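Chains as they are written, first to last, in our numbering: chain A, 1 to 278; chain B, 1001 to 1276; chain C, 2001 to 2306.
The set of hints was computed from the structure by calculation and includes no laboratory data. Bear in mind that the values here come from a model prediction, so they are computed numbers and not experimental data. Glycine included, every Cβ here is placed at the ideal spot set by N, Cα and C.
So the derived list for chain B, only partly shown, Cβ under 8 angstroms to chain A, looks like this:
id	residue
1	Ala1156
2	Lys1159
3	Val1169
4	Thr1173
5	Leu1176
6	Arg1222
7	Met1226
Stretch by stretch, here's where chain B covers chain C in the computed footprint (C-beta under 8 angstroms, at least three residues):
id	stretch
8	2234-2247
9	2257-2263
Just the calculated beta-carbon pair ranges, DEER-fashion:
id	chain 1	residue 1	chain 2	residue 2	range
10	B	Ala1112	C	Gly2048	33 to 43 angstroms
11	B	Phe1042	C	Asp2267	33 to 43 angstroms
12	B	Lys1179	A	Ala251	37 to 47 angstroms
13	A	Arg132	B	Gly1039	32 to 42 angstroms
14	B	Gly1100	A	Glu133	38 to 48 angstroms
15	A	Val250	B	Phe1042	44 to 54 angstroms
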Amino acid sequence: MSTFLQKLSRTVGHHFSPHVHGAPILRLRDVRVEYEQTVALDNVSFEIQRGDRVAVVGPNGAGKSTLFKVIAGVERASAGTVEIFGNEPEGHICIGYVPQRSQIDWNFPVNVADMVMMGRVSKIGLFRQPRREDREHVRRALEQVGLTDLAKRRINRLSGGQQQRIFIARALAQEAELLLLDEPFMGLDAAAQQSIFEILERLGTRGVTILVSLHDLNMASKHFGKVMLLRSRLLGYGAAAGVITAEHLVAAYGAHLHMVKTADGALMVSDTHCEGCE
Amino acid sequence: MFDLLLEPLRYPFMLRGLCAAATVGVVCAVVGSFVVLRGLAFYGDALAHTILPGVAVGYLIGGGARKPLFWWAMLAALASALGIGFIARSTRLKEDTAVGIVFAGMFALGIAVISSVRNYAVDLTHFLFGDILGVAAADLWLIGIFGAAIVLVVLALYKEFLLVSFDPVLAATLRLPAKLIDFLLLVLIAMAIVVSLQTVGIALMVAMLVTPAATAYLLTQRLPAMMALASLLAVLSGVIGLYVSFFAGIASGAAIVLVTTAFFGLAWLVRTIAGR
Amino acid sequence: MKISALRFLFTALVFLPLIPSFAEEPPAPLEILATNTIIADVARQVGGEYVRVESLLAPDTDPHSFQPAPSDVSRIVSCDALLMNGLGLEQSLATLIANSGSRAVMVELSAGLPARRLGRDYDGHHDHDHGDFDPHVWFDPNLVMLWAGKIADALAGLDSLHAGVFYDNAERYRAQLVELDAWIRAQVETIPPGRRKLVSDHDQFGYFCDRYGLESAGAVIPGFSTLSEPSARELAALEDAIRAQKVTAVFVGNTVSPVLAKRVADDTGARLITLYTGSLTSADGAAPTYLAFMRHDVATIVDALK
Chain A
1 MSTFLQKLSR TVGHHFSPHV HGAPILRLRD VRVEYEQTVA LDNVSFEIQR
51 GDRVAVVGPN GAGKSTLFKV IAGVERASAG TVEIFGNEPE GHICIGYVPQ
101 RSQIDWNFPV NVADMVMMGR VSKIGLFRQP RREDREHVRR ALEQVGLTDL
151 AKRRINRLSG GQQQRIFIAR ALAQEAELLL LDEPFMGLDA AAQQSIFEIL
201 ERLGTRGVTI LVSLHDLNMA SKHFGKVMLL RSRLLGYGAA AGVITAEHLV
251 AAYGAHLHMV KTADGALMVS DTHCEGCE
Chain B
1001 MFDLLLEPLR YPFMLRGLCA AATVGVVCAV VGSFVVLRGL AFYGDALAHT
1051 ILPGVAVGYL IGGGARKPLF WWAMLAALAS ALGIGFIARS TRLKEDTAVG
1101 IVFAGMFALG IAVISSVRNY AVDLTHFLFG DILGVAAADL WLIGIFGAAI
1151 VLVVLALYKE FLLVSFDPVL AATLRLPAKL IDFLLLVLIA MAIVVSLQTV
1201 GIALMVAMLV TPAATAYLLT QRLPAMMALA SLLAVLSGVI GLYVSFFAGI
1251 ASGAAIVLVT TAFFGLAWLV RTIAGR
Chain C
2001 MKISALRFLF TALVFLPLIP SFAEEPPAPL EILATNTIIA DVARQVGGEY
2051 VRVESLLAPD TDPHSFQPAP SDVSRIVSCD ALLMNGLGLE QSLATLIANS
2101 GSRAVMVELS AGLPARRLGR DYDGHHDHDH GDFDPHVWFD PNLVMLWAGK
2151 IADALAGLDS LHAGVFYDNA ERYRAQLVEL DAWIRAQVET IPPGRRKLVS
2201 DHDQFGYFCD RYGLESAGAV IPGFSTLSEP SARELAALED AIRAQKVTAV
2251 FVGNTVSPVL AKRVADDTGA RLITLYTGSL TSADGAAPTY LAFMRHDVAT
2301 IVDALK
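The task is simple: from the sequences and hints, build the whole structure.
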């Protein structure tokens, strides 16, 4: 029993990797992820600089969630390397991974502040209680997402938009420098989506690097500096205009693509595959 | 009235029973809160059966001595807990499937061991489970020490257990050894089960593990409050149940279980009415 | 040609055993199956060399709980006679026996005996594990004498050639039981009258107490089965009775969990004494026969109460 605890404490208390100076915050080289029969990601390489805000788009099953899990170090790549500040993701606690809302049991008996405090578990350390400093981080995180008033509310009494904001607050309490948001806008109404955008914009100005996966190409090109188009392979990465082209979109979405030129020359795209699913 | 309440306390077995019920109640309530939140009730019930081969082998090796049986039971339960964990994680089977496989296999192994040595066909299932009225002073020490250890570990690693139970992916990105913590929790549950089994018997153990925690879940908003209320309800159930057994002449284990069930029914009623 | 020769040889081999043998062979002994070791011993005494007796339950097992193996079913099917206690003792075996399709002669030895009714000493507590009668008949040798007579009848019905031997054996065994009865009576006389009180793990000494003038002061598990649980009230009442009547010993069967009995004994200052109750021991044990079993138990009881 005591050796077990020692082992546990050693594993938890190890020193996290230093940030190599000048290295990009995120660099992937030839990353490939295979599940038993299928290839989720193939030959994906890119770099992201500090402060970038990137929208990751692509059809269902394009490997967006897999990409985030590999970056977060929750899953391992079958081949290739992932580097965060110059070394592997498993050594970092600065990656805030925000899963899809359905990944969590919202009936758990915790309140908003409790859930945000979970982002600080590693910083607090094994066997220790939250200190004043930790509570201060939680308070500020809640303030930034505008949930201060709901700190004592049980999480099963939150709306979808509030649930998404509490996730972001948790990543902030974690002092995440790289934020990965998996489908944060899904199922939210326009007002809730707008408030998430505002939060993300504020974080961008504070130097937090953000990757967001989403479905709406229009939204991607309008709100994000860079767009990444994914379908197992990386089909395009850069400014929206260069990525969201007819050629790329046909490659990504194939037959399920509907394109309409509107009066002002904008491209309307709908991915019929997605309607009503997920 | 007061004399009537003191009346049962004249009997040492009642005092020991009350102590045992309270201690087991608190331990089971604390551990049971995680059991309820993670949907591990089946795991709890199944684990109680997986100790059979351990006890059977211990009984045969020890020539019928009862003392070592506890350790054999513990060994079998820990082996089962780890086996379940490994099967669930190394295959893509759901945890309750892994539980079913290990539970059925271990239980059958126990019966096979017992039946292969026919002249030891003493009713082992009866032999190995305790009765709340038959708790010895030494048993009290055992549950006291084990119970305190289990509760202390849960409190010390409270935020880690909460995190791993609530959001294992966050635990992974925070670089906690999530699997190790998960295993530790399963092991603690197994230990609580064995300790309870040996002192209060199987029906009471399952009830104490699940029902007070489930009742508290309905009535509280946060996990610490849930654990505290579950403990209180478990202790109350133990005390009230034993008094009912004393005055109404109902088998004591059944009386305690029925009180926990009554508390749950009451809480459910309150929630349903308040929810409308 | 070759094939038909082979077929002839094969047919001959198959039917060869059916050709009656004219050699003089003694008839095979009767295969008698008893449900427990006590009945098996009595059957052996009566059947002598003309029967082969086996017991379904092995020595040192609790007759109240029994998990049969397939070999047990085949023993039930292949025996000539199945001897049971009856009065609900073999309740757990009832379906097994009924569905085995066995054509053996079934004898319930205790059926029709002057059985004690359940619930005579306990108001409102009915344990239905055993049915309505107290099955622990064997604690009175006079009732075992009746068993011996029934067994002789059954054996004589199956093997009329040796009927005389069976009845003679039964008569001789009866004499030994009469002697045992007298010895027990004398032994119990040595216990001071005020101390002739028995407390045991479950209610099993009713016939013994009735016959030899002892009093049952209570049982740890109220009821005639080992498979029930007491309430706190019953346990408290038992402890009160033990203290009030100054009972000095609590007797527990060797196949039953002694945990509760041990607590009661410890709390009341009585001694915990182990007896053989539902089963004989194996041949190298202290009670391999019914006579030895009764002598051992009575000596132990008398020694503890004196």
